[in-house]
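With full-length UniProt numbering applied, the sequence shown covers 1 to 66.
Hints in this document: simulated from the structure, not taken from any laboratory. No residue lacks a Cβ here, since even glycine has one placed at the ideal position from N, Cα and C. Hints may be right or wrong, so weigh each one.
Straight-line alpha carbon distances no greater than 25 Å define the calculated DMTMM-like cross-link-like pairs of lysine to aspartate or glutamate that follow [claimed, not checked]:
1) Lys24 with Glu39
2) Lys25 with Glu11
3) Lys41 with Glu27
4) Lys25 with Glu39
5) Lys3 with Glu18
6) Lys7 with Glu20
7) Lys24 with Glu11
8) Lys7 with Glu18
Label-pair distances were calculated between CB atoms; the ranges are [said to hold, decoys possible]:
9) Glu2 with Leu22: 26 to 32 Å
10) Met1 with Lys41: 57 to 63 Å
11) Leu51 with Ala26: 32 to 38 Å
12) Met1 with Leu37: 51 to 57 Å
13) Leu29 with Tyr9: 28 to 34 Å
14) Glu39 with Asn19: 28 to 34 Å
15) Leu51 with Glu27: 35 to 41 Å
16) Gln17 with Leu37: 29 to 35 Å
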Amino acid sequence: MEKLNSKLYLENCYIMQENERLRKKAELLNQENQALLNELKQRLAAAGADLTSPSTSSKSGKKSKK
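Generate coordinates for the entire structure from the input sequences, incorporating the hints supplied.
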């Protein structure tokens with residue numbers, strides 16, 4: 001019984017170490033994901049600002065109906 005307990009204890013220790021490693025990896029991936037999301041939001045905001053600028057809106061006014 002003691003041998004089984006020792007084996008289970010070691011297995012549990014290994015699982016906890018692996019869990020900690022995966023938790024840290026998930027945290028890093030989450031940080032990277034947040035950074036990419038912020039970059040995407042900035043690019044979309046810049047693209048939206050470009051669409052509403054006067055230089056691009058004047059191009060659409062060139063078409064006239066006859």
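Which hint numbers doesn't this structure obey?
-> none
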